[in-house]
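Student: Hints given; two lone chains; assemble the complex.
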Amino acid sequence: MDNSLLSLLIWLPIFAGVLVILIGNERANTARWISVAVSILVFIISLSLYTEFDSNTHLMQFEEKASWISQFNIYYHLGVDGISMPLIILTTFSTILVLIAGWEVIKTRPAHYMAAFLMMEGLIIGVFSSLDAILFYAFWEASLIPMLLIIGVWGGNNRVYAAIKFFLYTFLGSVFMLVSLIYMYNKGGSFSILDMHNLSLTAAEQAWIFWAFFMAFAVKVPMFPVHTWLPDAHVQAPTGGSVILAAIMLKMGGYGFFRFSLPITPDASYQFSEVVIILSLIAIVYIGFVALVQRDMKKLIAYSSISHMGFVTLGVFALFLAYKPGAAEAALLGLEGAMVQMISHGFISAAMFLVVGVLYDRLHSREISTYGGVINSMPKFTGFAVLFAMANAGLPGTSGFVGEFMVILGAVQANIWYGVLAGSTLIVGAAYTLWMVKRVFWGAITNPAVETLSDINAREFGILAVLAIAVIAMGLYPQPVIEVIHVTIEHLLNQALTSKL
Amino acid sequence: MNNMYTFDTSTLWVALPEIFLLSAIVVVLLLDLFLTKPFKQVTYYLTQLSLLITGILAFNLIGELKAIIFGGSFILDNMASVFKVFMAGSTMVALVYTRHYLTSHKLFRGEYFVLVLLSMLGMMVMVSGYSLLTLYLGLEILSLSLYTLIAIARERAGAVEAALKYFVLGAIASGLLLYGMSMVYGISGSINISDIATFAANATLASREMLILNFGLVFLVIGIAFKLGAVPFHMWVPDVYQGAPTSVTMFLSTAPKIAAVAMLVRILVDGMGAMHAYWSDLFMVLALLSIVLGSVVALMQTNIKRMLAYSTISHIGFILLGFVTGVVTGYGAAVFYVLVYILMSLAAFGMIILLNKQGFEADKISDFKGLSKHSPWFALMMLVIMLSMAGVPPFIGFYSKLFILQQVISAGFVTIAVIAVVFAVISAYYYLQVVKSMYFEGSDQDITITAPMDMKLILSINAVLILVVGIFPDFWMKLSISLF
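From first to last, the protein sequence lines stand for chains A and B.
Just so you know, the first sequence maps onto residues 42 to 542 in my numbering.
Just so you know, the second sequence maps onto residues 17 to 500 in my numbering.
Just chain B, with the same shape it has in the complex (with noise of 0.2 Å):
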């Protein structure tokens, strides 16, 4: 037990992925200082291959031992190990799609990039916190970085609102937040995540003890549940994703999920496992609610950034579904859903990014008029992305809820089910306002795609992915729940 406390070099491989990519951090924003207008480039290009290095060093430790070091702060599993890969691909992919957004806003500049390498560095540790105060850390690193990106485009007043609002209303999560810790921390005498899933184990029902974890508990959940956006606490989701540059939003929307649900797994499943029937009657409410408001609300938009942030706030709802089953089979269904969750984010923000042209913001539904004549290719990848949102089948989205419907029911809550496949059929019909869109109407504007080859050709394979996943979902449903 001491060993564990004490500082030991030989186990810094652990934290291998971090602590190489804190150094291309740290070089990669020397050395942008000192590149000049037409080597911009190298920046983007030496991000990319920071992000690959971190990703294939952390997916050499996939299979690696449970290892916990510094001190019992820092973890490093399974599961540690597939969300760093997942978040590293993801954010790369999501970077190819930037490029093209920066360059037609002219947005293009060096901080972007070690920004977007920074919150990579704080969701690294909130999915490796193995105590309250480095989960803390990380998502403050993150958080951070997150309000500076969207205030990148700080001539417009839209993102510097969002940037705001996102900034105070995330300051007042992350302040319930550390009230809900102090607290765990107050009763328990531990920050450590171990510490604390053997303190709440052995706590008497209806004891003191109890009363403050519980408490306490409460915080947390509020906490969470306000950085993944669940109804609410969505408020600034709605505002945050229209406001912010477009490529800001489609990386908000992204890795930073998977880093939430994290921290949910560290907290809630790892330290607070034993009072899984008080917080999972939480989230039972805020799933419903999340469902909900997020089908209901989203009909009424036509920005499609907007609706895309009620989308989300709808699919959260499904993920806290999951994790209310109180099975490893649930949470697994649940981390299923944010992976593929992702991959579809990914697309559809992506699809708005290739829309983009020289100054002009392809945010809206009408925007997308008459796009399955001018690039039937990729109207026919928008129809797979929207259907998949929508949970129809063949596609991937399909699966997703599929797997959370089957745990539910599977635990008991039939009725849950129901509501929640009805308003999935209320979403739909959103979703099928952006394909009417593309194919039923015809266009009143001339629709070029400008964007890169090499953007084209990612999005195009992450679109079928979206099919070919749906066909064989089998490998990514065992690998999910095999994080448990």
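The following block holds chain A by itself, in its conformation from the complex (with noise of 0.2 Å):
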């Protein structure tokens, strides 16, 4: 087996950033077509990684282990798991889609743009590959340089201020994360990822732990109420950004609850599910609401956004209620739940925002008032828009439903109002979702620019049809996502019901 797999996904993208940067905006053609080509290639490879993997066992596979600061005997130790092998092919499959959708649209500086995603994918990849804790914070704060510079350059009219809210909240939000990967440290003696799940810390430790991680992490999943920069940077973001910042970054907050929070600091997890279930549940119904009051689509989305994730922390935490000696099919479907929310959010978010895109790119608007009967203009456009929306509302048959349903059997099985305040969503969600779609696509064209604009091109067309082919397959057919993360979810599960005390 090739064995420096994850190294040549991460620095191949990297690389390839360079040397796009150094072709220049001049000759921009082939900086994108060069752009396009890596991230494709990048994809086949990371596509490797899902036909030889292991799903029998929940060890790293692909590992690799260098020395690299040996002072504080941190290593470039990189590996996957049932957890982060999902992310990191989401990953390499949205970029393709988000230097493709920026083709022609970016036409300032467009080969420093795909050089930014480019290398942003590498460092994503690296925040879910590394199993050493500086290493991973090291790709994790390196990846907001990219996304700052996305958003703050290329961005909408209040750009600096969502470029530097952006940065400045998820920087905030890491830095105690910093420090207790360095208390951790000094009390184990590594910074491995894997020792510190099997660091004895006491009751009191892991409470400040807990809590230094979830601000790190609830700041990126985003949870309500450190939420707020969130419509903003989407809002401002140009299209790609919006994407990657939806379908990918908000993952690395949620992919850190899987692989920190909860292995690291059970017992806190434990005793502080029920404030997180809370929030959680806040950020699907309240949030929910405040979805439904939004003129901007962009943000109507990202406030989609921020309440579908709430089911990713509500599946997380709820195992601790759910789990019941002897029945632990609940909590793991709860678990399980999360992790293919998380895949499916993905997909739908990246299809919802493409979406607003194909709109904004022909009318330069995100004001839905002005639309309004696109149906007429754009037939094949909105069957699309259409199928997204429905996934959106997590109609069965869509892969939103998927991750959604089994969250709320999860939630269930923890306190029957839990999931019912959950379950509400599907109403909330598809209140919000198709009023947004009724006033934009269907019913009389109220704006005579409307009629005059033009169905999508084969390049849209192509990137929203595998979209919709990743949703339907997705929901119609799960098996293939939760086989491969059920055995390292177990263990997970295994590892959070495992008092440290």
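Just so you know, these hints were derived from the structure itself, not from any lab.
Take the hints with a grain of salt, since some may be wrong.
As the list claims (entries may be wrong) - Simulated coverage check for chain B against chain A, where a stretch passes if three residues somewhere in it have a Cβ under 8 Å from a Cβ of chain A:
id, stretch
1, 426 to 437
2, 449 to 458
3, 489 to 495
Just so you know, these numbers come straight off a predicted model, no measurement behind them.
By construction, the Cβ of each residue, glycine as well, lies at the ideal position given by its N, Cα and C atoms.
Tutor: If you want it as structure tokens, here you go:
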């Protein structure tokens, strides 16, 4: 087996990004072709992670380990398990779409735009595959830099505010994580994440570390009440930035809960699980209502993202209450649902932002009121848009249903009211999504500009079609994903339920 | 023991770099008098050559056994040699940038280079000083040269004001330092660091000796804090940084910081190591105040030199935290931080100088507007420098903070570490202001870079090193610890 597969996945896009910068904006077409070619190549390479993946073990696979900073026992240590592998493929998949979507649309400094996304791809893969805490932290923070520039350089009118808010929010969250990582290093003498899983910590230590992690990951997910950076960032970011932000960067927060919070601080996670559950339910219900009143399509989808990511945190932390000795199925279901929800949300949110992007490219407006009756001029496009809207509302048969359903089943086992509240999203979610669809796509044309809209071209059709296939395939047959994550999640459940005290 | 106090010419090699540099200064000074205008560049090249040879001589002494000569007042150890190499190197780089600045502002004079060499000599004496008198002597050679260097732009009111301010406050600081030294001398009966160390180690707790030693210690700490620019003894820093010609500001914020840290190590760690419990409390207060004030006040600055002055103050706070820990690795972390800071500071001021044109000081943050369009490469370099200063990985500034934080937490001060990181995030805001100017805003001015090729090359290498050393920091961390 090729042992440097993960390194290749990380460094190939980063160096390709450097190359694309050197090619420069003057030769934009060369830059575009190279970027897309590299991203497709990276995707194909990442598929071998899936094909060669052994889903019968929770152990790390494709491991690489080399000494990096021996002063602190820091290793360049990579590896994937069932949690990180699907997220890496999601990353490589989304990057292709984003690069192709930005092909004609980005007029200013196209080469730099492509390079920023390529580098970010490498850095995010680094986040998902790092098994050393400092390596993880370095990738985690470094991935902010390209996103900062993407929002700030190619964003909307209020981009400076949004970009800096995005950066500072995430930065503030993560420094507390850094302090607790160092604390654990001083205690256990190792920065290896796997060693930290086995590090015994007192209840008080766990509580502090739990909240430090929580600050970092809750900001990233984002959870209520630290979600306010997300609508700003999404609205101002260019379409591609929004897609990566929603499809992948939010998952870094969810991943953090899986990789750090549950296994390292199981007792504190149990102790504070109800707080997190309540925050998740607020996100699901209250933010759902907030989404309902939005006039800006991107803001609406941004709020719907927060609401959907609430399912991830709900699924993760409901496990403690859902678990009954001898009957782990409910807890497992919730946890797996959270994981499936992350992947599904990656597809759906990407699709929704691309849909808005298609409209924005034509009329340069994200206001719902600008549109109306789009179906008359863009029938093909409307077909896709309605499909993704249905998926966003959690229609059975689409991927949006699977994860949410599993999480709700888990939540009901924890407490029937949690299940009821979480289930209400099926109504609220349908309300805000379908109401938007009604106002934008259906009805009579109110704005004469809408009449002149041209339907999607082959490039846009291709992107949306690929996403449509992914959404439906995962909705009809989620088994391949569940199969891959199952053993790892089971192991994680064990870790989370094993007290360290 | 007696041997140590006699003057023995066979031990002179220990001070070879200093002896060479002093001779070189005399040559450069005299030669410069006879050079006519077209040949003034010779002074520059000779200065660089002298620094290079000094650096090589110091480099050759790395690994020599520790030697104390001149009646116990001069020490050669690895720390001294490594520091001298770094000071020579950073001064050489600074001079490359300086030349562009001096020519664009018509300040090119031979005296400038002689004064830089003299400050270099002062710093080397400070680094190797092993008695209170030698240390003071080195400090004064350095300070007097710096006062003059600032005033070299004598037509500018700001520069003269800065020079006077620095001179007056510096004199007060020197006075405080001398007062502390006299106290220590009065009670211990010796000005030699090694004797003081023995005395401090043997002084009984709560005795009269201890009291006077402590009294002197406070003044020594204040004097050192003054020189480092730690809060609340920082008042001179922003004005001097802003008022001085940028090339002098750059010089001021680089090599002399190493010298000041060396003096700190000699007096407090080597001499008063036994009293660590007393001075570490003082340092804790100084460090926290510096981090807090430096991060917060910098937020309001529009002048980039003034902003970097406050940023220096907060960096000094981090360096002092390393000394709070009281362990060898903690001191190593502080030294690592100083070296990293100098690398970043050189590059940051180098970028400011790069944008200088004939008679134009690019000292406002808004002068960086739209740089990413006119020169994507240097905008990227400035991005690297700023994010590194903010402590964002994978740049070197992150690892220096990581090292300090790890030591601080390991010493049990988790709360201090949390405060430090929170203010590091706050400080990220003003570094981002520069990034914002360069990338997110269009330019209303024409940015043309008139700097010569050698400066562009060295500056690029300097900035790229911030990334490269950031990816491979292991060697430098180990080196820093090995100095103690």
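Student: Confirm or reject each hint.
Tutor: So, going through the hints one by one against the coordinates:
1. 426 to 437: Since 5 is at least three, the answer is holds.
2. 449 to 458: holds (count 5)
3. 489 to 495: holds (count 4)
Checked against the numbered hints listed earlier, the structure breaks none of them; every hint is satisfied.
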